[in-house]
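What follows is the residue order along each chain.
There are 2 protein chains.
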Amino acid sequence: MTHIFDTIFIIGGGLIGASMALASQAKRAANTVILTDKDSDVRAQLRDLKIGDEVYGFDDAKQNIGRADLVVLAVPSGAMVKALSDFLPHLKLGCLVSDVGSIKENIITGILPILPKGVEFIGGHPIAGTEKSGPAAGFASLFENRWCILTPQDETSNHAKCLKKFWQCLGSEVAFMDAKRHDLVLATTSHLPHLIAYALVGTATDMETVTRNEVVKYSAGGFRDFTRIAASDPVMWRDVFLGNRDAVLDVLGRYIEDLTALKKSIRWGDGEHLLKEFTKTRNIRERIIDAGQDSSAPNFGRDQKESDSEA
Amino acid sequence: MTHIFDTIFIIGGGLIGASMALASQAKRAANTVILTDKDSDVRAQLRDLKIGDEVYGFDDAKQNIGRADLVVLAVPSGAMVKALSDFLPHLKLGCLVSDVGSIKENIITGILPILPKGVEFIGGHPIAGTEKSGPAAGFASLFENRWCILTPQDETSNHAKCLKKFWQCLGSEVAFMDAKRHDLVLATTSHLPHLIAYALVGTATDMETVTRNEVVKYSAGGFRDFTRIAASDPVMWRDVFLGNRDAVLDVLGRYIEDLTALKKSIRWGDGEHLLKEFTKTRNIRERIIDAGQDSSAPNFGRDQKESDSEA
Chain A
125 MTHIFDTIFI IGGGLIGASM ALASQAKRAA NTVILTDKDS DVRAQLRDLK IGDEVYGFDD
185 AKQNIGRADL VVLAVPSGAM VKALSDFLPH LKLGCLVSDV GSIKENIITG ILPILPKGVE
245 FIGGHPIAGT EKSGPAAGFA SLFENRWCIL TPQDETSNHA KCLKKFWQCL GSEVAFMDAK
305 RHDLVLATTS HLPHLIAYAL VGTATDMETV TRNEVVKYSA GGFRDFTRIA ASDPVMWRDV
365 FLGNRDAVLD VLGRYIEDLT ALKKSIRWGD GEHLLKEFTK TRNIRERIID AGQDSSAPNF
425 GRDQKESDSE A
Chain B
125 MTHIFDTIFI IGGGLIGASM ALASQAKRAA NTVILTDKDS DVRAQLRDLK IGDEVYGFDD
185 AKQNIGRADL VVLAVPSGAM VKALSDFLPH LKLGCLVSDV GSIKENIITG ILPILPKGVE
245 FIGGHPIAGT EKSGPAAGFA SLFENRWCIL TPQDETSNHA KCLKKFWQCL GSEVAFMDAK
305 RHDLVLATTS HLPHLIAYAL VGTATDMETV TRNEVVKYSA GGFRDFTRIA ASDPVMWRDV
365 FLGNRDAVLD VLGRYIEDLT ALKKSIRWGD GEHLLKEFTK TRNIRERIID AGQDSSAPNF
425 GRDQKESDSE A
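These protein sequence lines map, in sequence, to chains A and B. In terms of the working numbering, the first sequence opens at residue 125 and continues consecutively. In terms of the working numbering, the second sequence opens at residue 125 and continues consecutively.
Hints are supplied without guarantee of correctness; some may be wrong.
Note that the list lumps identical chains together, so a pair holds whenever it fits in one copy or between two copies.
What the hints assert, rightly or not - DSS-like, lysine-lysine: derived pairs with alpha carbons at most 25 Å apart:
| no. | residue 1 | residue 2 |
| --- | --- | --- |
| 1 | Lys400 | Lys256 |
| 2 | Lys400 | Lys388 |
| 3 | Lys162 | Lys186 |
| 4 | Lys206 | Lys304 |
Think of the hints as simulated: they come from the structure by calculation, not from any bench.
Can you make the complete structure from the sequences, with help from the hints?
What follows is the structure in structure tokens.
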């Protein structure tokens with residue numbers, strides 16, 4: 125089997141960068157996987173964990189990035205332009221640059237003007253991740269059965285086809301999408317959920333009438349689910365909200381309207397409206413499970429091991 | 125080993141009632157477990173699944189409830205008073221009545237005035253459950269390592285001690301709490317999380333600019349977590365919000381304030397405030413995991429099986 129790219133160069137060795145390196149090696153999507161990270165601790169971890177074929181600090185990275193057919197920016201959205209601009213004079217003519225950021229238009233707008241002639245950029249976003257951060261959190265199957273959205277300007281270009289094949293090789297299903305549409309869809313399915321989880325965990329831990337100890341003890345009533353999402357990387361998420369402001373404010377405005385309507389129903393004892401709203405939300409979960417995007421096990425199966433051994 | 129109660133009688137054979145019956149049998153917390161449910165389909169399922177020693181329709185239940193030392197109301201909060209009142213003349217003198225409702229003050233206020241002399245009521249609430257409903261969703265280990273809150277008027281009474289032992293026997297840790305305090309604490313750790321999950325899933329599925337198909341496909345970005353909670357029993361949750369109105373409106377008001385502050389930070393590009401808020405929420409998850417109330421596995425471990433086989 126021929127590799128999809130001979131040499132790929134990943135800038136940023138966190139959860140996503142490390143997982144891409146592991147997946148590329150496991151699936152033989154590339155002949156050589158090179159990683160760089162500005163943090164020497166991260167580089168040391170990458171080497172210890174044998175993630176990637178070569179791991180370089182900044183100076184050596186500059187010397188070697190010219191070997192890459194695909195350069196992937198795997199840093200927080202707000203750091204993409206800076207991370208790439210340091211390497212611009214050293215890119216190979218004809219190479220492809222991509223990224224894994226959770227927002228697309230803002231990143232594309234930042235990168236296109238600085239791109240050298242003969243180098244193409246295609247935005248990418250694997251809809252995959254966990255609440256953990258850092259190289260040790262990476263694993264090769266992270267992208268399996270998950271969607272990866274690509275936002276090429278020309279969906280029929282060779283680079284677009286190659287990048288699609290690359291992500292398919294890593295186990296993902298690939299969708300081409302307009303960058304602006306991506307930002308609106310993801311504001312709904314990802315950015316807003318994270319914002320309201322951060323807000324809830326903040327509210328609960330700041331209550332002066334309920335102790336943190338009580339919040340922890342009785343978290344199995346629903347709260348614990350939100351703490352997982354609210355444990356996600358703070359810098360990454362700050363950058364998402366700053367970079368996708370308009371779409372997030374749009375869906376957040378609608379959400380606050382809907383929540384306020386529920387509040388009004390509670391205040392006025394309108395059980396019919398509550399029942400109607402709570403009933404219509406059940407069906408979407410079945411569709412998500414049918415689409416292979418979540419586990420059908422009760423409580424995500426997380427308490428199942430206990431029950432298996434106890435029942 | 126002596127049983128904690130000789131005969132227990134559970135009214136309502138849904139997820140919680142069925143799990144209590146299974147756990148009581150598995151742990152030998154009772155000599156005889158009797159179940160009744162007003163729905164003949166539920167009764168048939170209970171019999172098929174061999175849940176409980178005896179399963180009765182209404183008329184036979186009336187004949188047999190007088191054998192019970194403990195009667196447990198396991199129906200939605202709004203149906204508790206009605207469910208009990210049908211059986212009032214048939215209760216054994218000296219028996220204990222309890223419940224498993226997610227709200228306490230409202231239920232206690234409804235039940236105390238109708239209780240016959242010589243029968244005691246102690247409110248109970250196991251902080252355990254799943255998004256599934258019905259007898260087939262029940263399992264014996266549901267209450268293992270979960271807290272159960274009891275709200276006795278006299279914590280030193282024999283009935284309070286017995287009920288505590290009973291829940292401990294089912295695997296729970298037991299806390300005594302004032303009913304009003306219970307309602308405020310649970311409004312924070314359970315009722316508000318459910319309300320905002322219902323609201324989010326409602327908002328996302330009602331967007332005219334984002335299709336349901338897109339919401340389903342890209343749900344792994346965070347949304348899928350909320351659909352689990354929003355798949356919970358609609359009648360049960362309607363009753364919770366109607367029955368715990370003041371506490372829910374209080375914490376919901378605070379939550380909307382906090383969310384609005386985040387909205388303002390996004391609008392004005394205040395990255396410092398966002399970063400501060402997103403950082404302080406990380407620690408609480410570690411405490412929840414340390415307390416044994418959630419899994420430390422990434423994504424609750426639900427994608428782990430795939431990764432184990434693929435990595």
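Evaluation of the provided hints:
no., hint, verdict
1, Lys400 with Lys256, "between (37 Å within a copy, 18 Å between copies)"
2, Lys400 with Lys388, "within (14 Å within a copy, 31 Å between copies)"
3, Lys162 with Lys186, "within (12 Å within a copy, 74 Å between copies)"
4, Lys206 with Lys304, "within (22 Å within a copy, 54 Å between copies)"
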